[in-house]
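Given chain B, put chain Y in place with the hints provided.
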Amino acid sequence: MTASTAPTLEQVAPNIKTRVADGDLGGAQTVMLGIGAIALIASLIGWGEQFIHSYLVAYMFTLSLVLGAMFFVMVQHITRAGWSVVVRRIAENMMGVMPVMAVLFLPILFEAETLFSHWWHAGDHADPTDPMHDPIVHHKIGYLNPTFFYIRVALYFAIWLGLARYFRNASIAQDQSGDPEVSLRLARRAAPGLALFALSLTFAAFDWMMSIDPHWFSTMFGVTYFAGSVMSFYATLALTCLWLRKKGYLGEVINREHYHDIGKLLFAFMVFWTYVNFSQYMLIFYANLPEETLWYQARAEGGWATIGTVLIIGHFLVPFAFLMSRHIKRNTLTLSIASIFLLAMHWLDMQFLIMPNFTKGLGHPGLSTDWLDFTTMIGMLALFVGLMLRNIANSPLVPERDPRLGESLKFHNI
Amino acid sequence: MSDSKKFGVVAEFDSAAAIYKAAETTTDAGYTKVDAHTPFPVHGLEKALKQPPSHLGWFCVLGGITGIGIAQAMQWWMNSFDYEYWVSGKEPYSWPTTIPITFELMVLLTAFVAVFGMFGINRLPRWHHPIFKHSTIHRVTDDRFFLSVEATDPKFDAAKTVEFLQGIGGVNVEVLEDD
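Top to bottom, those sequences are chains B and Y. Going by the working numbering, the first sequence opens with residue 1, and the numbers climb by one from there. Going by the working numbering, the second sequence opens with residue 415, and the numbers climb by one from there.
Pulled out of the complex, with its shape left as it was, chain B reads as follows (with noise of 0.2 Å):
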């Protein structure tokens, strides 16, 4: 059966406004990406062991927005989701960023030895009697090796780029042709890409966060990234619909039934964050072995036990109760109190990640804050925000022509 096309946006919705009016958004556009600017190349001052680890506090941070980005937009096609659709284009223009991305990762990749110094060169220290001999690393030398550590990084990001030019050009081409094909290509596209994605995700999560400390492991610690990473990108996403709205774009088209379905998968991600990182801890706490647990003692020390519980109070036990009300998912205000709020402790949980392993090498054990923490957080999620802003500003703001566009201008909570 040959499909016939799409309607067309004048048919479907001929009085929304989906193009940004030329140098409308540029103001902000050259500001959030001057401030990414200066604020990364200031940092570039503070090159040096602390500056690496600050910078991949700040990396994993904005990339779990990208990444929360790709899975969102591979599971709208894979369920065929008709409620989304007039949110879709936000996500795609936000996993447009990865070839940024890409070349941020630079720094981590110049800094690896000093990173993952634990495991670099185990594999020099292969003897037993050398007394840099690691027993439990030496056994992981096969996977933690500097060779193959490169050929996954370049493996992620083809897979990461691959994925996010092919979803979003193919949706910005159907804005021409209207092609209904093209949504039953990308969903069945979408279940490879999902695969491959969960698979990236979760080893890059293991490479560049948990081998700072070879010994540990956890097969859980993927997913715990993975849902810190779909809860903020569901906060950014209503906050820049919202400020969308704010300068007069898609403010009848994204209405209150969209943004309490994205307040309802935030709510859900959030508990899950909660729900994952619990059976790890629990896990741990019961087996009490040794190796497992020299991970949270690392982060039971020095005032880390302290952010440990503002994570259980501020990433669950807070917005569990201030979330559950339908009421405060369908007012824009509370919604964007919560994914504000949710987003800091999203980078206090990368910060909890990541840090501890650190600060205790870096010879004043405990929590430590440096002016480089907040500069390269500032910097990168700045480029990031005036990246998408570009992204956003360059092509029309809903997938005019997707076939599901009219159901998810009517779409309707029960």
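Hint data in this document are derived by calculation from the structure and do not stem from the laboratory. Note that the Cβ used here is the ideal one computed from N, Cα and C, for glycine as well. You may find that some hints are simply not true.
Heads up, incomplete: computed chain B residues facing chain Y, CB under 10 Å, no partners named [as the list claims (entries may be wrong)]:
(1) TYR275
(2) PHE278
(3) MET282
(4) PHE285
(5) ALA287
(6) SER325
(7) ARG326
Computed far set for chain B versus chain Y, every beta-carbon distance over 12 Å [as the list claims (entries may be wrong)]:
(8) LEU155
(9) PRO180
(10) MET324
Only chain Y this time, still in chain B's reference frame:
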């Protein structure tokens, strides 16, 4: 007929759009004890009927809190008070070990309250309902939509309500006895 107690007036409509419109018109006219009976869920019908949000959610919260309370009290009592018991070096009352049971009991009691609370609020189960006396009500599971205005409605008046429902396009408008 006028001596016996009435259930109310029931009218038949032939489409989802018609029942939605009828529900809206009836509630706009000031009737409050209005209900709709349809073969499938009609989007937004509860708004057209001007039904207040359900209180079931609040009962569920109470159920959940009760579950948390029972689980915590039970585990504290059993493991660290009545028969102090040290398991693999953990303290008799060690909060992380209590979380799975607490979570499960919270979910269990919340689900119980949700299901049985719904039954209770709807006064279910019951063998009979006065609306079954309507001559064409059997089509409610097939292709017809019914609107009922109950006699407990302060605006209810058998003759006037029948006239009103006929006026807005209802067919087979019948006054039903309550027994």
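A quick look at each hint next to the structure:
1. TYR275: It holds, given that the least Cβ distance between TYR275 of chain B and chain Y is near 9 Å, below 10 Å.
2. PHE278: 6 Å, holds
3. MET282: For MET282 of chain B, the interface hint holds, since the closest Cβ of chain Y sits about 6 Å away, which is under 10 Å.
4. PHE285: It holds, given that the least Cβ distance between PHE285 of chain B and chain Y is near 5 Å, below 10 Å.
5. ALA287: 9 Å, holds
6. SER325: With Cβ-Cβ at 9 Å, under 10 Å, it holds.
7. ARG326: Check passed: Cβ of ARG326 of chain B comes within 9 Å of chain Y, closer than 10 Å.
8. LEU155: Non-interface label on LEU155 of chain B holds, nearest chain Y Cβ at 37 Å vs cutoff 12 Å.
9. PRO180: The claim holds: PRO180 of chain B sits with its nearest Cβ about 24 Å from chain Y, beyond 12 Å.
10. MET324: Answer for MET324 of chain B: violated, closest chain Y Cβ roughly 8 Å.
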